[in-house]
Amino acid sequence: MSKTIITVDDAATMRRMISFTLRGAGHEVLEACDGVEALSLLRSNRVDLIITDVNMPRMDGIEFTRQIRQIPALSRVPVLLLTTESDPDKKAKGKAAGATGWIVKPFQQDQLLAVVARVLPN
Amino acid sequence: MPQRRRQQRILVVAETNQLPSGTDGLNVPRCSEPSSARSLHAALHGLTSKLVRICFDPSNRTLKRIAPLIHRLERQRQDLQHCAASVESQFLTVGSILEELSRLSDQLVSQGETLLLIATGKAEAKAILLSTVQIMEPPLAFIDTANHTFTEWLTRFEEFDSKIDAILRTEHLLQRTLAPLRMIQTLFKVETTTLEPEVQRMFLALIADIERLHGQVTENFGSRFKPLQQTKEALAHITKGLRQSIRLNGAFASEKRASIHASINTLERDLDANSKLDIRLNQTTGSIAKDVNEVVVGMQYQDITDQRIQHVDEALQSIRDRSVAAGHRASPQEKQAALSFIHHAASIQAAQLQGVTKNLDNAESQITNAIQNILKTLENVDAGCLDLREFEQHTTSSEGMVQVLLNTIQETRDLLTVTTKHIEDAHHAIEPLGGLTSNLTGTVRKLSFEIQLIGLNAQVQAALIGSGTGLEVLSAHISDISRETSRISDQAAQELDAVAELLREGVTAFGALGESSRNERSVFDSAGKTQEDRLHGFRDKALQTLSAVSELLSQVKTKASNSLQSIQFGEGVMVCLGNLERTLHDIQETILQYYPKEQLEAHRDQATSEIKRNYTMAAEHDVFEAASRVSLLPKSPHPNTATLIHPTLPASSPPQPSQTPVQSPTSPINPIATSTAATNSALGDNVELF
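If you read the protein sequences in the order shown, they are chains A and B. Take the first sequence: its position 25, counted from the start at 1, is 25 in the numbering used here, and no numbers get skipped. Take the second sequence: its position 482, counted from the start at 1, is 1482 in the numbering used here, and no numbers get skipped.
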């Protein structure tokens, strides 16, 4: 079933590959280049899942997750942090901020889709 | 001269540096102290020592030597930023190509599936072809029936022809039989001249009857039997038509049945062979998906290398800042610590740059190999389509199965029309003949009766006159002639009855056959038209799909070939990375010229602890640890580095399974990932769901 997913990453290549993978599976995809732009988009768009990078200008993925969890309408939307980072401290911060999962780049297409299927609400 | 200038410069540096007392041996007496030879000597000794230490302090010399290298590093750092932007642009171009390639590949696979649905009979192909065969059977069966009827009636018409011949021969027999009556008439006249007028009149009346009988025979057989000759000719025409129909129908039905049978056999063979292609296309779909995934993974290295480059950039800025800071009033220890930091940072960054170079190289190879694999897979699809061209021959060519069936429908329709016409012609030709023969039969029977009456009358008259006269003999002759004539007439009448019966049967049979033929033609006209439309639709769809597959194949192959030329991330950035790496090596070498390695190692932990703050990326861990010999605990997974790099795989190697990231055999296990292995193992070691 088609879902709407927002992908937040300052790297255009990553946004492109994530969108390409998700759209290929029939999902609708919104794109934002950082947390600030994503929050702006989320004010006017309903999404089923958020996939965000961690290291981004203006607002990083962990702060973005923290803010998402404070918005009632988005508090239960799953957030996946898709990042090059594998530092346990950062991962712990992501978890504490309310993230649903942590994926270290690069992802395999099947793998990303499997994770998305796992965390998406039925 | 250069040596002196250098010493002067060192002095200036020494004077401007504020070195802390007690740590550098410069606690010489100030001018306020008593000026004695001893103290002067001590002061001079101290100053000399200081000057010697300043002049030969390796920190100052090293810092001075690396200053231009730091400038060069700064310039190259800026170049690297431009190159990174250029690499991103190239990756985005490849991303566009990938999307286009994937879109075209999806379309190609979809069209290929449609084609195979047609070619393997999984679509309506088999049903259409078999239903065509089914609708052909009733008209072919009718043609068989008509042929059987024609053959049967041909035999009967031949008998009919013989009977007409026999009837026509009856005239001659009767004329020959009646011929003696002429002479008997004359003899009657001679014999009756001596008799009484009453008897004479009676015999003259008998002679008149004989004369009238002659007239009737001549009239009936001479004129009223003439149409029988025309009937004979008409029947000859009908039998000719029937023979033609029998020949055509017989050949047609057997040929068409053989042709349809052969087509169905060919279809079965094709469908069976194409089913194997179906499996191949499914494998193709899977193969392309794997290769697309390989490209997607390779593409992500733009982000990874970009972040590594940013980390290198930050480290280079630290090198620059530490170098500048060390040049400004730092203590020798601080300078040494700074140089140690610069040395270790340079070493780690050089390794990082090698890692970036390797990442880009591998990304390029991975993407190039994947696209080459896609091209190879498409070559296989192309080869598969070559096999399918046989199917194309069967479906779309003028000799193909579809055309055979279309031709058969049209030929059957034509043959039904011709057969119907032959039946109707025969029916129309026979129908009036029935009435004609009925009239003739009555006439012949009446004639026979009259002849018998004349014979009887002659015998009665002769008996009345008495025996022993010539008239008695003549009457007996007349009686004989009458009996013979009657026999011949009766036989002719029987023949005519038989002919009449045959004609009635023929009229009935051909009437019924004509009705069936018209019905059959009407039903087949409608069903044949529907079937022709379906066959045309089937052929058009097969043609369109074959054309679309061919066109898409061409597009994808062109796109993939062109894309291979676009995937060259190396050119500019590799030069930048190489230049930077050389400069970092130069810095290290320069530092090592003045400091023994052991001395630098004393500050290694301090230096690396500063540097490692940046190295939180999985891709950087191995590089950092190898270069710094400092472990980044807890260990992080390295699925990404392992996934990207397949250095041992040749370009033609099949893609690796992509369900989970490929992990290097030597890669350590991620403790965090393994802690949730029960829930996440299926998702891969680089995934952790909280």
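None of these hints come from the bench; they were simulated from the model. Some clues are possibly wrong.
[To be verified] Listed next, the in silico SDA-like pairs over lysine to any residue satisfying Cα-Cα at most 20 Å (straight line):
| hint | chain 1 | residue 1 | chain 2 | residue 2 |
| --- | --- | --- | --- | --- |
| 1 | A | Lys93 | B | Asn1614 |
| 2 | A | Lys93 | B | Asp1622 |
| 3 | A | Lys95 | B | Phe1690 |
| 4 | A | Lys90 | B | Val1199 |
| 5 | A | Lys95 | B | Leu1689 |
| 6 | A | Lys90 | B | Gln1459 |
| 7 | A | Lys90 | B | Ile1264 |
| 8 | A | Lys90 | B | Arg1445 |
| 9 | B | Lys1612 | A | Pro121 |
| 10 | A | Lys90 | B | Leu1543 |
| 11 | B | Lys1612 | A | Asp87 |
| 12 | A | Lys93 | B | Glu1198 |
| 13 | A | Lys95 | A | Ser40 |
[Stated by the list, open to error] Partial chain A-side listing against chain B, Cβ under 10 Å, derived:
| hint | residue |
| --- | --- |
| 14 | Ala12 |
| 15 | Arg16 |
| 16 | Gly26 |
| 17 | His27 |
| 18 | Val29 |
| 19 | Leu30 |
| 20 | Glu31 |
| 21 | Gln70 |
| 22 | Pro72 |
| 23 | Pro121 |
Don't be surprised by glycine CBs; every beta carbon is placed ideally from N, CA and C.
The hints, checked one at a time:
1. Lys93/A to Asn1614/B: With a Cα-Cα distance of about 16 Å, the restraint between Lys93/A and Asn1614/B holds, given a limit of 20 Å.
2. Lys93/A to Asp1622/B: Distance of about 23 Å is beyond 20 Å: violated.
3. Lys95/A to Phe1690/B: This hinted pair holds, its Cα atoms lying about 7 Å apart.
4. Lys90/A to Val1199/B: Roughly 158 Å separates the two Cα atoms, so the pair is violated.
5. Lys95/A to Leu1689/B: Within the cut-off at roughly 9 Å; holds.
6. Lys90/A to Gln1459/B: With Cα atoms ~149 Å apart, Lys90/A and Gln1459/B exceed 20 Å; violated.
7. Lys90/A to Ile1264/B: Roughly 69 Å between the alpha carbons, so the hint for Lys90/A and Ile1264/B is violated.
8. Lys90/A to Arg1445/B: violated, 128 Å
9. Lys1612/B to Pro121/A: violated, 39 Å
10. Lys90/A to Leu1543/B: violated, 59 Å
11. Lys1612/B to Asp87/A: holds, 11 Å
12. Lys93/A to Glu1198/B: Outside the cut-off at roughly 159 Å; violated.
13. Lys95/A to Ser40/A: violated, 23 Å
14. Ala12: holds, 6 Å
15. Arg16: Check passed: Cβ of Arg16/A comes within 4 Å of chain B, closer than 10 Å.
16. Gly26: Check failed: Cβ of Gly26/A comes no nearer than 12 Å to chain B, outside 10 Å.
17. His27: Violated - the Cβ of His27/A stays beyond 10 Å from chain B, reaching only about 15 Å at its closest.
18. Val29: violated, 13 Å
19. Leu30: violated, 17 Å
20. Glu31: Interface hint status for Glu31/A: violated (13 Å vs cutoff 10 Å).
21. Gln70: violated, 18 Å
22. Pro72: violated, 21 Å
23. Pro121: With a minimum Cβ separation of about 14 Å from chain B (threshold 10 Å), the hint on Pro121/A is violated.
When held up to the earlier numbered hints, the structure conflicts with 2, 4, 6, 7, 8, 9, 10, 12, 13, 16, 17, 18, 19, 20, 21, 22 and 23 and fits the remainder.
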